[in-house]
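Engineer: Build the full structure now, drawing on both the sequences and the hints.
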Amino acid sequence: MEIVVAITGASGVTIGVRLLEVLAGQAGHEVHLLVSEGARAVMSHELDGEPQLPASWRWEANNLAAPIASSSRAAQAMVVVPCSMKTLAAIAHGYAADLIVRCAEVMLRMDRPLILVPRETPLSLPAIENLRLAKLAGATLLPPVVAYYPRPRTVDEITDFFVGKILDVLGLDHDLYRRWGE
1 MEIVVAITGA
11 SGVTIGVRLL
21 EVLAGQAGHE
31 VHLLVSEGAR
41 AVMSHELDGE
51 PQLPASWRWE
61 ANNLAAPIAS
71 SSRAAQAMVV
81 VPCSMKTLAA
91 IAHGYAADLI
101 VRCAEVMLRM
111 DRPLILVPRE
121 TPLSLPAIEN
131 LRLAKLAGAT
141 LLPPVVAYYP
151 RPRTVDEITD
161 FFVGKILDVL
171 GLDHDLYRRW
181 GE
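Letter by letter, the sequence shown follows residues 1 to 182 of the working numbering.
If you're looking for bench data, these hints aren't it; they were derived computationally from the structure.
None of the values given here were measured: they were computed from a predicted structure.
Hints are not guaranteed to be accurate.
[Claimed, not checked] Calculated pairs, SDA-like style, for lysine to any residue (alpha carbon to alpha carbon, straight line, at most 25 Å):
no.: 1; residue 1: Lys135; residue 2: Ala74
no.: 2; residue 1: Lys165; residue 2: Thr140
no.: 3; residue 1: Lys165; residue 2: Gln26
no.: 4; residue 1: Lys165; residue 2: Leu142
no.: 5; residue 1: Lys86; residue 2: Lys135
no.: 6; residue 1: Lys135; residue 2: Glu105
no.: 7; residue 1: Lys86; residue 2: Ile128
no.: 8; residue 1: Lys86; residue 2: Arg178
no.: 9; residue 1: Lys135; residue 2: Pro152
no.: 10; residue 1: Lys86; residue 2: His29
no.: 11; residue 1: Lys86; residue 2: Pro67
no.: 12; residue 1: Lys86; residue 2: Pro152
no.: 13; residue 1: Lys86; residue 2: Asp111
no.: 14; residue 1: Lys165; residue 2: Arg178
no.: 15; residue 1: Lys165; residue 2: Leu136
no.: 16; residue 1: Lys86; residue 2: Gly49
no.: 17; residue 1: Lys135; residue 2: Asp156
no.: 18; residue 1: Lys135; residue 2: Val146
no.: 19; residue 1: Lys86; residue 2: Arg112
no.: 20; residue 1: Lys86; residue 2: Arg58
no.: 21; residue 1: Lys165; residue 2: Ser56
no.: 22; residue 1: Lys135; residue 2: Thr154
no.: 23; residue 1: Lys86; residue 2: Glu60
no.: 24; residue 1: Lys165; residue 2: His29
[Stated by the list, open to error] Taking CB as the label site, the calculated pair distances span:
no.: 25; residue 1: Arg179; residue 2: Arg109; range: 32 to 40 Å
no.: 26; residue 1: Leu125; residue 2: Glu30; range: 33 to 41 Å
no.: 27; residue 1: Ala97; residue 2: Asp168; range: 26 to 34 Å
no.: 28; residue 1: Arg179; residue 2: Leu64; range: 35 to 43 Å
Just so it is clear, CB atoms sit at the ideal spot from N, CA and C, and this is done for glycine as well.
Structural biologist: Now the structure itself:
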């Protein structure tokens, strides 16, 4: 599967990093990686710097000339993980000032999966409205909300649950968490 993964400037960059690791461990994926300046700042704080991020392609977020900016070269799916409220607002309102939002707009125009993993709490009314608009436009909203039925014991297990849910929406097999009833 050809997938765009965008990591933006919200807490929870480790979810995006783990998604990249899992996709790299599965055969047959071509991953286009976009990392915002805000994400780099969060990585410095949460991960002590930007780790090596496995991807087939890496594009600068300000490169609107990248092939994936065009609907004639659209990927099969896109995940914005984590999705900052700034990026959410831009996607919800079609303000494609960077490659991340431009790719998201292409996904929506082409009726391809766009998964947003919004990471903010509590939510303001404008954020809720932006979530509503993104959903109405066709995005899948996947906030990283902890589930307790898999009985997670570590932060890594919680992260794997979130990544597993993303893979579920993409229709990709995995064994990252214990499913209900197992």
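Engineer: The structure should be examined with respect to each hint, and the outcome stated for every one.
Structural biologist: Here is how each hint holds up against the structure:
no.	hint	in the structure
1	Lys135 - Ala74	holds (20 Å)
2	Lys165 - Thr140	holds (11 Å)
3	Lys165 - Gln26	holds (16 Å)
4	Lys165 - Leu142	holds (8 Å)
5	Lys86 - Lys135	holds (16 Å)
6	Lys135 - Glu105	holds (13 Å)
7	Lys86 - Ile128	holds (13 Å)
8	Lys86 - Arg178	violated (33 Å)
9	Lys135 - Pro152	violated (29 Å)
10	Lys86 - His29	violated (28 Å)
11	Lys86 - Pro67	holds (24 Å)
12	Lys86 - Pro152	violated (30 Å)
13	Lys86 - Asp111	holds (23 Å)
14	Lys165 - Arg178	holds (11 Å)
15	Lys165 - Leu136	holds (21 Å)
16	Lys86 - Gly49	holds (22 Å)
17	Lys135 - Asp156	violated (28 Å)
18	Lys135 - Val146	holds (21 Å)
19	Lys86 - Arg112	holds (22 Å)
20	Lys86 - Arg58	holds (21 Å)
21	Lys165 - Ser56	holds (22 Å)
22	Lys135 - Thr154	violated (31 Å)
23	Lys86 - Glu60	holds (18 Å)
24	Lys165 - His29	holds (18 Å)
25	Arg179 - Arg109: 32 to 40 Å	holds (34 Å)
26	Leu125 - Glu30: 33 to 41 Å	holds (39 Å)
27	Ala97 - Asp168: 26 to 34 Å	holds (31 Å)
28	Arg179 - Leu64: 35 to 43 Å	holds (41 Å)
Violated hints, listed in ascending order, are 8, 9, 10, 12, 17, 22; each of the other numbered hints is respected by the structure.
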